[in-house]
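Trainee: Chains as they are written, first to last, in our numbering: chain A, 3 to 372; chain B, 792 to 1186.
Mixed in with the good hints, there may be bad ones.
To be verified - Listed below are the simulated DSS-like cross-link pairs for lysine-lysine, each with C-alpha atoms no more than 27 Å apart in a straight line:
1. B:1066 <-> A:249
2. A:338 <-> A:139
3. A:123 <-> A:249
4. B:950 <-> B:1066
5. A:123 <-> A:139
6. A:123 <-> B:1066
7. B:950 <-> A:249
8. A:269 <-> A:123
To be verified - If you want the footprint, here are the derived chain A segments under chain B, 3+ residues with CB under 8 Å:
9. 49-56
10. 157-164
Hints were generated in silico from the structure; no laboratory data involved.
Here a beta-carbon is modelled for each residue, glycine too, at the ideal position from N, C-alpha and C.
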Amino acid sequence: MLVSRRSLLSARLSPEDRASVPAPGDVKIDGNENPLGPGPTAMDALVGMFDQAGRYPFNSSPSHIDLLAALADHFDTTPDHFALGLGSSEILSSAVRLFAGPDRPVITSGLSFAAPITAAKQYGYPWTGVPLDADLKLDLGAMAEAARGAGMVYVCNPNNPTATLHSATAIERFVNEVHETSPETIILIDEAYHDYVTDPAHRTAVPFAIRRPNVVVARTFSKAYGMAGLRLGYGVGHVETMEPMRKNQMSANTNVLVMAAAVASLKDSEHIERERARNTEVRQYVTSFFERSGFRVPETQGNFLFVELGQPAAAFRAACAEQHVFVARDFPPMEKTHCRISFGTMAEMRRACRVFADVLGVDAPTEAPQ
Amino acid sequence: MSTRRQRGSVSRRSFVASMGLGAGYISISARGHEAWASALSEGRTSEPFALPQTSSIILSSNENPLGPGEHVLAAMRGILGPDGAGAARYMFAQADEARAAVAEAHGVTEQNVRLGTGSSEILRLAADLFTSADRPVVSPDPTFESAAAYAAFLGAEVKRVRIGTDFRSDLDAMIDACDGAGLVVHCNPNNPTATVHSASSTRDFIERVHRRSPDTMILVDEAYHHYVTDTEYESAIPIAVENPRVMVARTFSKAYGMAGLRIGFAVAHAEAIRKCIELRGPDRSMNVPGRVGVVAALERGQGPVMEEQARNTSVRDFTRKFFHDAGYQDTDSQANFILVDIRRSAQEFRQACGEQGIRIGEGSSLYPNHARITMGTQAEMDLATQVFAEVLGFG
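Using the sequences and the accompanying hints, generate a full structural model.
Mentor: Rendered as structure tokens:
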């Protein structure tokens, strides 16, 4: 059998590393990426920056100062509440470095975005992952308990990879409880998937973070804004909390392309609304396919779902890959039963669901192929 | 200078207008300096679009005024795709490709390279990994401050060693300061003094530091490598791949014209690179257009950077001659900027030039009478030198 370039690459790279441009005909739904990109307004601004590719971000127009001002406008506050990051990952690892320590552990969920744990390991700080509850939601009660004396507690809302959400009320209760029992603990709320939430009980914690010195919200342009490859995220919080973060990060180190795209897209809220609506439609389609086929899906609020297949994700993933549908890596401790699937376009997901049906031995969705 | 300003003989707009370039200059500059320079050279003096009146000639940040070139932009366009969908993908595989391209272009293995978001990330990484409360950083003063500043933020002591009277790093004094240091910074050519140390003096420095303090990491910052014309100079990369206590930082922000794309890299012994990855993770912070831009830039071989070096040398010769002819002395510049003794407050000079639309660098508070001026295009320097003459009062 011929060894294709793809299989050679796959052999060399872990599934996460395979992240690349999908080849024609491939459905790449392994990275919670937006299949469409940033949209025309942002792309016009981005390409318009090609003339300034030789300029540092503090000399370009817009500059990082303009971007901070645009973020401040967006949230009706002042620029000193923000720190820019190379994606929200830099915000998370920076927060771990600054707010946790050898005697101040990082508390996270037993199954959540791993960046804070990765950072804790790198800096040699202790960390604890509090198991999810029975509905695959963060166990906020147990996390608040564990947060006593912690440097930082990490709340990913909606949570990756489970796509589950806690309401604004639940988050506020959690923040108050931690603040009372462990006033020195920083609560980092990761809202990477905020723009995909449709649950009316959700509200962003940003206004909260701006007021309270122990809350920081991380946001990213990688998801609904479609700019994962351009690397821009930000932290928002109280001025005093954000000051060390700005110092710890490479403040003017975001590339000039993404700054212009971000400034333009912050002014284009209609585009984000359209992207949310598009994702919601796809989410309903994929969720109902799995539920109809007898698989359980937790209440999903992201651009991905975490389905209980009742079989190891690895075998399912390999079988789907043979048909050029690429789903996400293992998520221990649930890799023997659950698989994370990101949402591509509706056309991609119709195709993906036919492949899922074939691999799982259930009825294919009945819609006419597109 | 304040007297001149009060006299009101020269204002930004009137000066540009008096040259017959006003409308064209102001309107074109916001489209980018490449477009502007080409318009100037074609003798066009106006453009049909209105743009901000605040545009300046930027000679303040040691950027390449021409940007990265069409082959790089074409590669960036290609990866983004016609509808921009490429911007939405993480594409970690492209970081591997960029790393492989950097390794190949420098005759080292991929295990010798770590990419970074500009060389700033590399300098900060070195500060982070090699300094601590009891392992100070030794840094020339003045120099590019990223490593020392971040080390200080993280709680390390910074031992600053004053630059010699010849405006070169005082390597002997740095050796004297290096006992027990975690990191020694050797910025070569040095920013903002623009001077360089020869290959033999760098080699000798490294040997002597390690004889005194074997565990000290020596970070050689070669951001301006491609602009050096002194034949005594050589890169320290061949030393770095052999010696686990030497790391070279390079950037695509200078001769490659990609400052806005934020890509730099470290070349070091595989053991040092492995330590970086173990302690701070793989090199994934760079943006995708920058990664493919690097590959495209390197595919062209040495030709484009050598052209850029020649262009810079010619502009540098012109600008230095301008100052020499007027009786001013500067350092022996081996970079894309000069440090010139204007025999009066550099800060006031900078402000006066800024009012005329020429933004020059901050220089150093240690040299209050020295102005740091980045080399723009020849067309920009034609304009800028007229402003300098006017401000300095010999125009």
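Trainee: Against the earlier hints, flag every one the structure doesn't satisfy and list their numbers going up.
Mentor: 8 and 10
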